[in-house]
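Residue numbers (the working numbering), protein chains in the order written: chain A, 1 to 465; chain R, 1 to 465.
No lab work stands behind these hints: they were computed from the structure. It cannot be assumed that every hint is accurate.
Same chains, same label: a pair holds when it works inside one copy or across any pair of copies.
Calculated cross-link-like contacts (lysine-lysine; reagent style DSSO-like; alpha-carbon spacing at most 27 angstroms) [stated by the list, open to error]:
| no. | residue 1 | residue 2 |
| --- | --- | --- |
| 1 | K200 | K46 |
| 2 | K284 | K382 |
| 3 | K113 | K314 |
| 4 | K363 | K255 |
| 5 | K190 | K234 |
| 6 | K72 | K284 |
| 7 | K51 | K462 |
| 8 | K314 | K384 |
| 9 | K230 | K200 |
| 10 | K462 | K117 |
| 11 | K238 | K452 |
| 12 | K72 | K447 |
| 13 | K51 | K388 |
| 14 | K51 | K463 |
| 15 | K7 | K463 |
| 16 | K463 | K131 |
| 17 | K318 | K363 |
| 18 | K314 | K412 |
| 19 | K129 | K190 |
| 20 | K270 | K13 |
| 21 | K238 | K261 |
| 22 | K382 | K454 |
| 23 | K7 | K117 |
| 24 | K91 | K314 |
| 25 | K51 | K454 |
Protein chains: 2
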Amino acid sequence: MQDKMQKIISLCKRRGFIFPSSEIYGGFAAIYDYGPYGVELANAIKSAWWKAMVQERADIVGLDSAIFMHPKIWEASGHVAGFADPLVECKDCHTRSRVDHLLEDIGVQSDEKMSQKQINQIFIENKKKIKCPACGQQNFSIVKKFNLLVKANLGNFTDDWIQDPVYLRGETCQGIYVNYRNVLQTARIKIPFGIAQTGKAFRNEITARQFIFRTREFEQMEMQYFTHPKEELKEYEKLRQARWQYYLDLGIKEKNLKWHKHENLVFYAKEAYDIEYNFPFGFKELEGIHARGDYDLKQHSKFSGQDLSYQDQKTQEKYIPHIIESSVGVGRIFLAVLCDAYQEEDLAEGLPADKQSSRVVLKLPKNLAPIKVAVFPLLRNKPKLVKKAQEIYDNLKSQYMCELDDNGNIGKRYRRQDEIGTPYCVTVDFNTFDDQTVTIRDRDTMKQERIKIKSIEEYLEKKLN
Amino acid sequence: MQDKMQKIISLCKRRGFIFPSSEIYGGFAAIYDYGPYGVELANAIKSAWWKAMVQERADIVGLDSAIFMHPKIWEASGHVAGFADPLVECKDCHTRSRVDHLLEDIGVQSDEKMSQKQINQIFIENKKKIKCPACGQQNFSIVKKFNLLVKANLGNFTDDWIQDPVYLRGETCQGIYVNYRNVLQTARIKIPFGIAQTGKAFRNEITARQFIFRTREFEQMEMQYFTHPKEELKEYEKLRQARWQYYLDLGIKEKNLKWHKHENLVFYAKEAYDIEYNFPFGFKELEGIHARGDYDLKQHSKFSGQDLSYQDQKTQEKYIPHIIESSVGVGRIFLAVLCDAYQEEDLAEGLPADKQSSRVVLKLPKNLAPIKVAVFPLLRNKPKLVKKAQEIYDNLKSQYMCELDDNGNIGKRYRRQDEIGTPYCVTVDFNTFDDQTVTIRDRDTMKQERIKIKSIEEYLEKKLN
């Protein structure tokens, strides 16, 4: 199945979905750029999330807090002291590796809540079985914990700012917690209510692996839901069901999803599940859904000295809300959607020998497809055909993301649109001028229909909405 | 007019458009968060830009390159050596100030291309007239240039990373330049073509002023257009006209816009204009439109060692494309749109004495309004009204951003929706149950009509699209 992963990575590069960062400069580790089709797919994923999470919910509002915040926020959250990965360095080739990953590779589970001493102990016990993934030697340093928060000098105009850094956010939800009171005072909401936001977060991952699954710069979509303490677990169950249904509605195959219940909860958590997706490299976390109790608001109340309690307008009861959260990465949904949509089809049967005998097709949900409609003149050197295709494109472009393509033979153009997941291709040919019709081809069935030019909009409206 | 600015800042806070960052921790300078209505307005601004710039243009494609890139890119671009502001420190109160701003305040123009020595000379000549803006003293340090690039330790796991930093991007366009070849190889485009992207950029501004006009973290919308060297200035004129028209189409009043031609061009630039907006603090840059020649691709070709020339498929001519750019900040359009839409209206005439005699209203273009429709039950304590309002809200929410509000008397609810710019308010009252009608109120005229519940969708579709 790693073979499928390689095919998807290759498709992403070849078709302009994902480019490795800074490629002409030799690359920049664990960072990726989204190309012309990638940005459309990612935007469609973000829009679908925002629509389901904010637009269609009267009890949830949006927010866009900045990447940079007061550094004390990361002390309150526990990240400055505790947000660290265990690391060893190979003394021969100086490659650094995550100890939990090295242990996982030989089938030994570790736990992120272990101390440096504890994990070093396990590492020493298993040392004979572990080789450096880069050079194969077994000459390791001792285990050190490395903090994942990325440090920066924003707003600091001295030379010794390394002593006094600010942090790029390691997760977007802290921006929600510290704005909870502002939102409460300005939006028309009362408990239970949620605050949702999408945005970049950054982690100094020692080894970033599996393409866009784990990157040092990534985009999160998080929703924090504020509940009465006694309602926390009831609301948590509702959220779990809603998030599972969300992926089905998004078009993900149910057989590729499963629940993973966390066995080792952090001390303040009431309950924690992940929704896992069946990636080519196995079932891995897509989204985390956690019941966090009153930990977050209590910590920020303590560190800021501000009262963050909620007063019920009817009962006058005053309490610190308990928080349940849904947290997912755009890159992870992006990869899951691609894996779910990727298909190779054998077309050999019944085709003349000179035609291609197979195709790669992304059977993307139509609302996520980067291009909804491609418009082709049959031949590029016939101005009459090109002009008519341009007219049809111009007519559709304000409503749909369209592409006008006159490059290469028509079969190649279909294959290209199949590979980027375009649901419909419209072709202008010589018959167009006889009867004002075009062909419209369906990505999934590959069937072509002739329809009137004036019916195109109606046809697409029915099929795409 | 600074009075108007204060009113807008206050409205933004009071109504959940913009919150100062990390407020419960005492704030975090020059950073702002977008609240529930702010994020909707900002998203609408970005969508409108993307639609005009990417979706409706066959010759422009989108991109989303990462914030972090290979640090050599910032050497090639000239930012590591030259992207610096001149700074003095008050020896009494230790406040740092930008020298060009201090000079501007006393009516002396400086030039960003001046060396540290040159600007120090001008500063000394005018020193007697300049006071520290914080404490009023005249006891300044010498002028030092301070680099605006923000440094970070992403991907660096050593302790002495300050010697070997990576940079948060100071502008988004460099991510376009370094992906130019990837885009060319994967998208169906030929010269002239453009690449557009929106995304965060960061600058260590010494003094960030005027609310969201100049912030250390900000979001850019940039489009870089690749042209034949001989076509550069012709395409530049077309772009200038298109961008001016864009602001008119967005609903900005033409009297509030003007062109500013740059007199002191950097050595590689062919031409440079800004579109300025009449902010309450004067006409200031909204967007820059620059003809940059072949500087950017030449620099990246030199520093990366890669061939970045373009070969024309028809003529076989090979050349380095010349670039023209359009660059604007989301925060600046956001502020311009708010300033343009903000109105105080005197309603005293003809009103009974117990009614409010004035209102604040945001006459936002309808496509930018954060909430398109608000739905009210006339009274919150009548379950029948509340249930019907909920039904109407549920019916509209998948199509429009709506709000359901039963809080306070109906007049107050109208004022609140006026202040956030909601074009239509639908109210369910007791007559609703007699004849299946509601009232629908227009933000701008304040007129109310009674319409059938089953006609609401059609009414809104006509008015909002």
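Evaluated hints:
1. K200 with K46: both (12 angstroms within a copy, 17 angstroms between copies)
2. K284 with K382: Close neither inside one copy (51 angstroms) nor across copies (49 angstroms); limit 27 angstroms.
3. K113 with K314: neither (41 angstroms within a copy, 63 angstroms between copies)
4. K363 with K255: within (17 angstroms within a copy, 50 angstroms between copies)
5. K190 with K234: For K190 and K234, only the intra-copy Cα distance (17 angstroms) is at most 27 angstroms; the inter-copy one is 57 angstroms.
6. K72 with K284: neither (33 angstroms within a copy, 35 angstroms between copies)
7. K51 with K462: both (20 angstroms within a copy, 22 angstroms between copies)
8. K314 with K384: between (71 angstroms within a copy, 20 angstroms between copies)
9. K230 with K200: neither (33 angstroms within a copy, 40 angstroms between copies)
10. K462 with K117: For K462 and K117, the Cα distance exceeds 27 angstroms both inside one copy (62 angstroms) and across copies (68 angstroms).
11. K238 with K452: So K238 and K452 fail the 27 angstroms test inside a copy (48 angstroms) and across (35 angstroms) alike.
12. K72 with K447: Close neither inside one copy (60 angstroms) nor across copies (50 angstroms); limit 27 angstroms.
13. K51 with K388: between (36 angstroms within a copy, 23 angstroms between copies)
14. K51 with K463: Intra 20 angstroms, inter 22 angstroms, cutoff 27 angstroms: intra and inter.
15. K7 with K463: So K7 and K463 fail the 27 angstroms test inside a copy (30 angstroms) and across (48 angstroms) alike.
16. K463 with K131: Neither: 54 angstroms inside a chain and 67 angstroms across chains, both beyond 27 angstroms.
17. K318 with K363: So K318 and K363 fail the 27 angstroms test inside a copy (51 angstroms) and across (39 angstroms) alike.
18. K314 with K412: For K314 and K412, the Cα distance is within 27 angstroms only across copies (20 angstroms; inside one copy 66 angstroms).
19. K129 with K190: neither (56 angstroms within a copy, 55 angstroms between copies)
20. K270 with K13: neither (42 angstroms within a copy, 35 angstroms between copies)
21. K238 with K261: Intra 16 angstroms, inter 58 angstroms, cutoff 27 angstroms: intra-copy only.
22. K382 with K454: within (22 angstroms within a copy, 50 angstroms between copies)
23. K7 with K117: For K7 and K117, the Cα distance exceeds 27 angstroms both inside one copy (41 angstroms) and across copies (57 angstroms).
24. K91 with K314: Neither: 65 angstroms inside a chain and 56 angstroms across chains, both beyond 27 angstroms.
25. K51 with K454: between (31 angstroms within a copy, 24 angstroms between copies)
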